[in-house]
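Based on the provided sequences and hints, a complete structural model is requested.
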Amino acid sequence: MVYLTRKAEFSASHYYHNPEFTPEENRRVFGKCNNPNGHGHNYTLEVTVKGDVDARSGFVVDLRQLKEIMNREVLDAMDHRFLNKEVPEFLTHIPTTENLAIAIWQRLRTKLEKAHLHRIRVYETPDLFVDFYGEQ
Amino acid sequence: MKAYLTRRYLFSASHRLHSDRMSAEENRATYGKCNNPHGHGHNYTMEITVSGPVDPRSGMVCNLVDLDGFVERELLTRYARI
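These protein sequence lines map, in sequence, to chains Y and L.
Residues 1 to 136, numbered by the working numbering, are exactly what the first sequence covers, in order.
Residues 1 to 82, numbered by the working numbering, are exactly what the second sequence covers, in order.
Watch out, some of these pointers could steer you wrong.
[To be verified] 35 Å max Cα-Cα, derived DSBU-like pairs, lysine-lysine: (1) Lys67/Y with Lys111/Y; (2) Lys111/Y with Lys2/L; (3) Lys67/Y with Lys7/Y; (4) Lys7/Y with Lys2/L; (5) Lys32/Y with Lys7/Y; (6) Lys2/L with Lys32/Y; (7) Lys114/Y with Lys33/L; (8) Lys114/Y with Lys32/Y; (9) Lys67/Y with Lys33/L; (10) Lys114/Y with Lys50/Y; (11) Lys50/Y with Lys2/L.
Keep in mind that the hints were calculated from the coordinates and are not lab data.
The structure is reproduced here in structure tokens:
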């Protein structure tokens, strides 16, 4: 079993707001992130897949195919977007780093052929990141 | 859905490695330059990882303001610049 990680960067804006909260609760729970005009991050995404090394190709996963899937499913949909308004998952879920990692997992999981998705890591800043392993 | 959130904190502190149970020679042999009685400093990087279900109301594993407050109160004020 070998683990392979591919990294990509994208920039997006968002804000945190729960319509079920009062304005005071939203401000208390989300602080500055509750500003409805949004704010941006330079995100770094790490996608780790695992699998056996194919005896014929020497690959765990076709790297070009993985790059194309990441570009199509994540970067085309999220890079330079306002996540709350332009990414369907975040019409109903708050676009926190946690939910971003879960959404990216769900977008990629069924698209990979031989390799299995192992981990999605999303850095919101170099000092803050979330890992999701598909656990319920 | 269970997620893991990691936050990185930087702090600086000084220390000296020395055991009272060893002779002066043993201390020097074991700890080398770190046994200097005047101490020396490091810039430490600390990563704290918390895990748990993502709260559907907040979208978070752990409120960052709460985590930062806890780390500042319990760790950074205790260990930084000592």
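Now for the hints, and whether the structure bears them out:
no. : hint                  : in the structure
1   : Lys67/Y with Lys111/Y : holds (12 Å)
2   : Lys111/Y with Lys2/L  : holds (22 Å)
3   : Lys67/Y with Lys7/Y   : holds (9 Å)
4   : Lys7/Y with Lys2/L    : holds (22 Å)
5   : Lys32/Y with Lys7/Y   : holds (29 Å)
6   : Lys2/L with Lys32/Y   : holds (25 Å)
7   : Lys114/Y with Lys33/L : violated (52 Å)
8   : Lys114/Y with Lys32/Y : violated (43 Å)
9   : Lys67/Y with Lys33/L  : violated (48 Å)
10  : Lys114/Y with Lys50/Y : holds (9 Å)
11  : Lys50/Y with Lys2/L   : holds (20 Å)
This entry does not satisfy hints 7, 8 and 9, going by the numbered hints stated previously.
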